[in-house]
Amino acid sequence: MNSATINHAAAAIRSAILAHEADIECLDREIGDGDHYINIKRGCEAIASIEAELAPLSATDALNKIGMKLLSTIGGASGPLFASFFMGMSKSLKASATMNTLVLAQAFEAGVQAIMQRGKAQAGEKTMLDVLIPVASTFKQLADQGEPTSVITTRLKIVTGEGLESTRNMLATKGRASGLGERAIGHLDAGAKSCQVMIEAVCDLVSSHSQ
Amino acid sequence: MNSATINHAAAAIRSAILAHEADIECLDREIGDGDHYINIKRGCEAIASIEAELAPLSATDALNKIGMKLLSTIGGASGPLFASFFMGMSKSLKASATMNTLVLAQAFEAGVQAIMQRGKAQAGEKTMLDVLIPVASTFKQLADQGEPTSVITTRLKIVTGEGLESTRNMLATKGRASGLGERAIGHLDAGAKSCQVMIEAVCDLVSSHSQ
Amino acid sequence: MKKFLNDVEHMLTESLTGFATAHSDLVEVQFDPTFVTRKQKAQNKVAIISGGGSGHEPLHAGYVGAGMLDAACPGQVFTSPTPDQMLAAAEAVHAGQGVLFIVKNYAGDVMNFEMAAEMLPFEHATVYTSDDCAVINSTYTTGRRGVAGTVIVEKCVGSLAETGADLAACKTLGEKINQRTSSIGVALTSCTVPAAGRPTFEITDTELEMGVGIHGEPGRRRETMREADAIVADMVAAIVHDFKAKQLPAQGEILLLVNGLGATPLMELYLIYNTAARLLQEKGFSVARSLVGNYVTAIDMAGASITACLLDNDIRRHWDSPVHTPALRWDM
Amino acid sequence: MKKFLNDVEHMLTESLTGFATAHSDLVEVQFDPTFVTRKQKAQNKVAIISGGGSGHEPLHAGYVGAGMLDAACPGQVFTSPTPDQMLAAAEAVHAGQGVLFIVKNYAGDVMNFEMAAEMLPFEHATVYTSDDCAVINSTYTTGRRGVAGTVIVEKCVGSLAETGADLAACKTLGEKINQRTSSIGVALTSCTVPAAGRPTFEITDTELEMGVGIHGEPGRRRETMREADAIVADMVAAIVHDFKAKQLPAQGEILLLVNGLGATPLMELYLIYNTAARLLQEKGFSVARSLVGNYVTAIDMAGASITACLLDNDIRRHWDSPVHTPALRWDM
Ligand SMILES: Nc1ncnc2c1ncn2[C@@H]1O[C@H](COP(=O)(O)OP(=O)(O)O)[C@@H](O)[C@H]1O
Ligand SMILES: Nc1ncnc2c1ncn2[C@@H]1O[C@H](COP(=O)(O)OP(=O)(O)O)[C@@H](O)[C@H]1O
Ligand SMILES: [Mg+2]
Ligand SMILES: [Mg+2]
Ligand SMILES: [Mg+2]
Ligand SMILES: [Mg+2]
Numbered sequence: 109m110n111s112a113t114i115n116h117a118a119a120a121i122r123s124a125i126l127a128h129e130a131d132i133e134c135l136d137r138e139i140g141d142g143d144h145y146i147n148i149k150r151g152c153e154a155i156a157s158i159e160a161e162l163a164p165l166s167a168t169d170a171l172n173k174i175g176m177k178l179l180s181t182i183g184g185a186s187g188p189l190f191a192s193f194f195m196g197m198s199k200s201l202k203a204s205a206t207m208n209t210l211v212l213a214q215a216f217e218a219g220v221q222a223i224m225q226r227g228k229a230q231a232g233e234k235t236m237l238d239v240l241i242p243v244a245s246t247f248k249q250l251a252d253q254g255e256p257t258s259v260i261t262t263r264l265k266i267v268t269g270e271g272l273e274s275t276r277n278m279l280a281t282k283g284r285a286s287g288l289g290e291r292a293i294g295h296l297d298a299g300a301k302s303c304q305v306m307i308e309a310v311c312d313l314v315s316s317h318s319q
Numbered sequence: 109m110n111s112a113t114i115n116h117a118a119a120a121i122r123s124a125i126l127a128h129e130a131d132i133e134c135l136d137r138e139i140g141d142g143d144h145y146i147n148i149k150r151g152c153e154a155i156a157s158i159e160a161e162l163a164p165l166s167a168t169d170a171l172n173k174i175g176m177k178l179l180s181t182i183g184g185a186s187g188p189l190f191a192s193f194f195m196g197m198s199k200s201l202k203a204s205a206t207m208n209t210l211v212l213a214q215a216f217e218a219g220v221q222a223i224m225q226r227g228k229a230q231a232g233e234k235t236m237l238d239v240l241i242p243v244a245s246t247f248k249q250l251a252d253q254g255e256p257t258s259v260i261t262t263r264l265k266i267v268t269g270e271g272l273e274s275t276r277n278m279l280a281t282k283g284r285a286s287g288l289g290e291r292a293i294g295h296l297d298a299g300a301k302s303c304q305v306m307i308e309a310v311c312d313l314v315s316s317h318s319q
Numbered sequence: 538m539k540k541f542l543n544d545v546e547h548m549l550t551e552s553l554t555g556f557a558t559a560h561s562d563l564v565e566v567q568f569d570p571t572f573v574t575r576k577q578k579a580q581n582k583v584a585i586i587s588g589g590g591s592g593h594e595p596l597h598a599g600y601v602g603a604g605m606l607d608a609a610c611p612g613q614v615f616t617s618p619t620p621d622q623m624l625a626a627a628e629a630v631h632a633g634q635g636v637l638f639i640v641k642n643y644a645g646d647v648m649n650f651e652m653a654a655e656m657l658p659f660e661h662a663t664v665y666t667s668d669d670c671a672v673i674n675s676t677y678t679t680g681r682r683g684v685a686g687t688v689i690v691e692k693c694v695g696s697l698a699e700t701g702a703d704l705a706a707c708k709t710l711g712e713k714i715n716q717r718t719s720s721i722g723v724a725l726t727s728c729t730v731p732a733a734g735r736p737t738f739e740i741t742d743t744e745l746e747m748g749v750g751i752h753g754e755p756g757r758r759r760e761t762m763r764e765a766d767a768i769v770a771d772m773v774a775a776i777v778h779d780f781k782a783k784q785l786p787a788q789g790e791i792l793l794l795v796n797g798l799g800a801t802p803l804m805e806l807y808l809i810y811n812t813a814a815r816l817l818q819e820k821g822f823s824v825a826r827s828l829v830g831n832y833v834t835a836i837d838m839a840g841a842s843i844t845a846c847l848l849d850n851d852i853r854r855h856w857d858s859p860v861h862t863p864a865l866r867w868d869m
Numbered sequence: 538m539k540k541f542l543n544d545v546e547h548m549l550t551e552s553l554t555g556f557a558t559a560h561s562d563l564v565e566v567q568f569d570p571t572f573v574t575r576k577q578k579a580q581n582k583v584a585i586i587s588g589g590g591s592g593h594e595p596l597h598a599g600y601v602g603a604g605m606l607d608a609a610c611p612g613q614v615f616t617s618p619t620p621d622q623m624l625a626a627a628e629a630v631h632a633g634q635g636v637l638f639i640v641k642n643y644a645g646d647v648m649n650f651e652m653a654a655e656m657l658p659f660e661h662a663t664v665y666t667s668d669d670c671a672v673i674n675s676t677y678t679t680g681r682r683g684v685a686g687t688v689i690v691e692k693c694v695g696s697l698a699e700t701g702a703d704l705a706a707c708k709t710l711g712e713k714i715n716q717r718t719s720s721i722g723v724a725l726t727s728c729t730v731p732a733a734g735r736p737t738f739e740i741t742d743t744e745l746e747m748g749v750g751i752h753g754e755p756g757r758r759r760e761t762m763r764e765a766d767a768i769v770a771d772m773v774a775a776i777v778h779d780f781k782a783k784q785l786p787a788q789g790e791i792l793l794l795v796n797g798l799g800a801t802p803l804m805e806l807y808l809i810y811n812t813a814a815r816l817l818q819e820k821g822f823s824v825a826r827s828l829v830g831n832y833v834t835a836i837d838m839a840g841a842s843i844t845a846c847l848l849d850n851d852i853r854r855h856w857d858s859p860v861h862t863p864a865l866r867w868d869m
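Residue numbers (the numbering used here), protein chains in the order written: chain A, 109 to 319; chain B, 109 to 319; chain C, 538 to 869; chain D, 538 to 869.
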């Protein structure tokens, strides 16, 4: 992974988010305050606007810069969380001398842990973590086993979808929906949805390259 | 005419107004501010509430009291105008020793003139006067000619309707609709409508008694 | 219609009672007939009394207090008050120096105040406000409507009266301000008179009503909804045109009032203000004083009005002087 | 959606520019990053900084000024501001005595202010407001939301800071007030986030949303629309219940704030106030201070919230002290 791959992934994420405007937007209207799509989109556009600045950077620096940029652009609950993810990922990569799938999986997990720390949340609280935590552990497990990229991407897409779906019948205990009690049941979490869209987009990008 | 007849007429007017809520209300919404029906209704109810106080009074005093009551109850443009009508009528009756149809017609005309003075308005300005002025002059003319009550009431109902209808294609030059210019054209005037409803109700009452 | 009310009959009384309780340090309300006075009645000055239909809150009762009105007479919603209210209010606040009525120029208000004036046992005069330039003043209308500019008249005349100025001087100042003030309103939605229970007019999502009155009276034209800058440009043009028609100087300091009609968020009012101030500045006026908020409303209408008052030293001084009322307060 | 705007992208900037121009005697706005400060920066006192998503105007920028906030950081509509805004604001107003953040308790606001605090090179502390008693505080929620009671915290802590009190004292007062304050809101209509372009929730003419948040978050329950007295009785009961749950005294002087959520006419707010004041009085509280109007809004929502703050000498004194901001002003 280098900054070119990162820019490609960012572009893929951006188009996927734009394509899912309706679904994401309506979820945050149902049990949130309706701004999640706009927040994410603003973040995506900010990253697109610094594509040229990212290009010369190392992967580590590019990810850190993305985190900083998201931190000062998105706002809301998702801003600091996504920012923490990229900064956490960057930090993990920096600590490692080499770059391979396992290193990447570890970095992903470090990013997810940064989110958990910042948001003081766990799996099962009806947030983006219900997608991110299973994806992180599956990713690491498959990388550990030395599975080929195509197996990993296929599997992660499934886990992502399951994670998203799992939020439907949860009570929310973090974030804006936590005030709703029983009324949140039956709705997917918006942040989980946007994570699912983003992860799927990256998986598709990676598998199209590896074919 | 005595205070009993007046109370009867007031009751007839009140039921007629209540029965025409929809028409009157919508006219003042179209080219006014939508309160004319409520204003008139409030006036009618105020008069109903003093029925007992009116009963012992002479016709002159009863009409004056009605005027005063309307003045302190209706408000808006129509309040002072209807008040002026009854006070003008009362004053005219007071000046006359006898009571007959002609005296009544003269009193009606005096009432209409009081409205014209108070509102500084003429016929043709798209107001209640476009009903009241022709009714007053027809009434006086027929009374002058000694026509029987049944002829008078039949004729006045026609004149009233024509007067109302004449407001449809007028530009408004008095009242709230005067700001509308051409946009007032095609709409009947709300005050003209409520006068038509009231006069018709009284005519029907009188003709039912005189049968 | 969805409103916070118990029954329409008692809505006004309940609301006024709440108003008087919330501001019991400043005002008192009387019923039968209804009027609002200062708690601490002023001595030895011209009594300034205004009034009009309710539904324009905080106008007028919200402007009763030191430096502004002595009394206000609230009518039913959108219906001018009745003369007995003005008589009782005058009786309560007359302080030996006569009574000045400030009346928005509507047939109903004019006639009711006129009848009160005829019966009034005190020296009296009346200022009519007619700042709405949406209605073209021509021989075939009863004249322009009084709208948000009325607040400026009430504030400044109130200030002058406080100095002990006489009735004639108060009337003169009020008429001068009215002459130097132009307003125009625009509606995005209708208002709903509670007793009527439904919107006064129909308007689609792609329309606006330019020149709307504060009672939801139709305005100049039904126009196509468009971006704020284009709407504001037309409103500012109407005001500048009106200044010309009134032969006012084509430059100078102005007070700019951007007024919400009831349901328009402050964020949008400030956005309107931003454009209006810039355009007026471009046209040669300098914005010396500003007021942005809901000051003269049309119940629950989404919409706004823009008012410009051409200041002079006199008007500026009276605008700046201390005022302490429920809805307008500074330096006290 | 019908709003006065040019393009959604620039709405906030244009509105804030208008705000700063209209109140150029009091405040200044900076962009990139966005924050509002007093024109006349305070010396030698704890810097009080608040912020949050826009759409709640006049909160928070409207409360920047003498006796209240030193700076406000407006985020995008309904989206908490970003840490760089808080850092730049703190840099601009820090006066050697540390920085106190006043933060409404929402995940987004908490995390963004937290990250700013972590990076802040000054002594600092944070007060979280969580007065909304619609959300039951239990182990499975992230805690109650901060709503209209935030204004009382900002006013009183601002007053205390002005006396030269230290950071710890300011934090203590803020937390005390938050503890003694309960609010609950009700919506008759949804709000519309401009960038979303459509109402956040659907609600019919016969429904209301009890316990709604100031971002249009669903509340406790969807209920049947009914008369105002019945609605207010339920709201007052929730507040009194919350006072009990917080083990506050069951009687005493209160500050009663009836707050409009954006599109509710003042006439209705005073009607609500009337009933709320009466019911609270019946329950043993005496209404010693009142505030009625649009202070913490939810864009264009028709609805209202009721807030009661149990006063003590300390809080009362800081509430009464002079304040001069665009949206709250007395004795200055
Ligand atoms: N403490 C938390 N930990 C993890 N994710 C969270 C937390 N709080 C909120 N979220 C996520 O953030 C999403 C909401 O993001 P967004 O709408 O952008 O912010 P806001 O809630 O401030 O409007 C939620 O759907 C949820 O997935
Ligand atoms: N100057 C006037 N002379 C005669 N009638 C008038 C005048 N001004 C208004 N009206 C009548 O009053 C009616 C409106 O009454 P109403 O709705 O009760 O008062 P307002 O216009 O103050 O709301 C109009 O339809 C018109 O017939
Ligand atoms: Mg959200
Ligand atoms: Mg009318
Ligand atoms: Mg009227
Ligand atoms: Mg948000």
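Some hints could be false.
Unchecked claim - Within a straight-line C-alpha distance of at most 20 angstroms, the following computed DMTMM-like cross-link-like pairs (lysine to aspartate or glutamate) qualify:
| # | chain 1 | residue 1 | chain 2 | residue 2 |
| --- | --- | --- | --- | --- |
| 1 | A | LYS177 | D | ASP868 |
| 2 | C | LYS540 | D | GLU655 |
| 3 | D | LYS540 | C | GLU712 |
| 4 | B | LYS199 | C | GLU655 |
| 5 | C | LYS539 | D | GLU739 |
| 6 | C | LYS539 | D | ASP766 |
| 7 | A | LYS149 | D | GLU546 |
| 8 | D | LYS539 | C | GLU655 |
| 9 | A | LYS173 | D | GLU655 |
| 10 | D | LYS539 | C | ASP771 |
| 11 | D | LYS713 | D | GLU699 |
| 12 | C | LYS540 | D | GLU760 |
| 13 | D | LYS713 | D | ASP544 |
| 14 | A | LYS149 | D | GLU699 |
For the record, the hints were derived by calculation from the structure and aren't laboratory data. Since we're looking at a predicted model, the values are computed, not measured.
We went through each hint and held it up to the structure:
| no. | hint | in the structure |
| --- | --- | --- |
| 1 | A:LYS177 with D:ASP868 | violated (44 angstroms) |
| 2 | C:LYS540 with D:GLU655 | violated (46 angstroms) |
| 3 | D:LYS540 with C:GLU712 | violated (35 angstroms) |
| 4 | B:LYS199 with C:GLU655 | holds (17 angstroms) |
| 5 | C:LYS539 with D:GLU739 | holds (14 angstroms) |
| 6 | C:LYS539 with D:ASP766 | holds (14 angstroms) |
| 7 | A:LYS149 with D:GLU546 | holds (12 angstroms) |
| 8 | D:LYS539 with C:GLU655 | violated (47 angstroms) |
| 9 | A:LYS173 with D:GLU655 | holds (18 angstroms) |
| 10 | D:LYS539 with C:ASP771 | holds (18 angstroms) |
| 11 | D:LYS713 with D:GLU699 | holds (18 angstroms) |
| 12 | C:LYS540 with D:GLU760 | holds (15 angstroms) |
| 13 | D:LYS713 with D:ASP544 | violated (42 angstroms) |
| 14 | A:LYS149 with D:GLU699 | violated (41 angstroms) |
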